[in-house]
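Visitor: Please take these sequences and the hints and turn them into a complete structure.
Residue strings, one per chain:
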Amino acid sequence: MKERQQTMKARVHVSLKNGVLDPQGRAIGQALHSLGFADVGEVRQGKLIELELTGALASKPKAEIEAAVKDMAQKLLANMVIENYSVELVG
Amino acid sequence: MKAALITFPGSNRERDMRMALTKANGGKAPLDVWHGDSDLPKDIDLIVLPGGFSYGDYLRCGAMAANSPIMREVKKRADAGVRVLAVCNGFQIACETGLLPGALMTNAGLQFICREVNLRIETTASEFTKKYRKGQTIRVPVAHHDGNYTLDADSVKRLEDEDRIAFRYADPLGKVAPETNLNGSVGNIAGIYNAKKTVLGLMPHPENATDPVCGGMDGYGLFESIAESLS
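As given, the protein sequences belong to chains U and A, one line each in that order. Under this note's numbering, the first residue of the first sequence is numbered 1, with each subsequent residue one higher. Under this note's numbering, the first residue of the second sequence is numbered 1, with each subsequent residue one higher.
If you're looking for bench data, these hints aren't it; they were derived computationally from the structure. Every residue gets a Cβ at the ideal spot worked out from N, C-alpha and C, and that includes glycine. Among the clues, some could well be false.
[Stated by the list, open to error] A short list of chain U residues far from chain A (calculated; beta carbon distances all over 10 Å):
1. Ser15
2. Leu21
3. Ala27
4. Asp39
5. Leu48
6. Glu50
7. Leu53
8. Ala58
9. Ser59
10. Pro61
11. Asp71
12. Leu76
13. Asn79
14. Val87
15. Leu89
[Said to hold, decoys possible] Label pairs and their in silico Cβ distance ranges:
16. A:Cys114 / U:Thr54: 26 to 34 Å
17. U:Glu50 / A:Gly98: 22 to 30 Å
18. U:Ala68 / A:Thr22: 41 to 49 Å
Guide: Now the structure itself:
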């Protein structure tokens, strides 16, 4: 019987660091106010990047997978000058 | 001077840059280098990263180009002291590569800005600006959506203390004020140097002010300075 290939998903949430102005978030907040959603405070816009992990990495222990995805986030997915990230493993 | 001009998929100012470099360098054109190349000739004096929208600005402006094969070689050469001129998208790429500090975020007004601006020359103690006068105002075009230079306050102070701020957005008389801040950049900063002043990054386009019949000559001093310094 053919072995089922293991896959896993990682979600990387990228957001602006505290203190970094977010003009897009502010514009979204203003638009929500103009639609009548008066109870919206500060709005911050970020990114969600979903990665499908395959091959040897997907069958490794979760801690190792997380470390690999963090490496990807720091090298490319987030700009550490202005952004933070968090990693979530799914499945 | 032997210059190398790097073109990425989505670069769009490389022709203008080639004309400006050729004119200032006694008719000698720069070497054209493609993003997929992984090597540069040994005797290159200047590397130029032109403007545009490399890789469609995917993920972040300059993020993809920063990881293209040629940038590994550019980084190596820059670390060895080869001069780098990084304009607009080139500036974004240089920041993403770590050649220059900080990051370029979306303009504070969320608009793409395409017009002429006044820049105050903050220092002439540089191979890139020695033909100008300190405090002089020059008029050159900008064309960008993500030119909002962002850096923490301590690092900005360090740039100031080390005379590494090249240009600031000003009024025609050279006054730098919140109302002359084009895009939200910290301290109205339009261009900066690395610690050794061998890498210059700026958002405006001096290459588009190098011909009297097309945008004036205010940007030409930069190319004259570089050509004189490196020839």
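Visitor: For which of the previously enumerated hints does the structure constitute a violation, in increasing order of number?
Guide: 2, 3, 12, 13, 16
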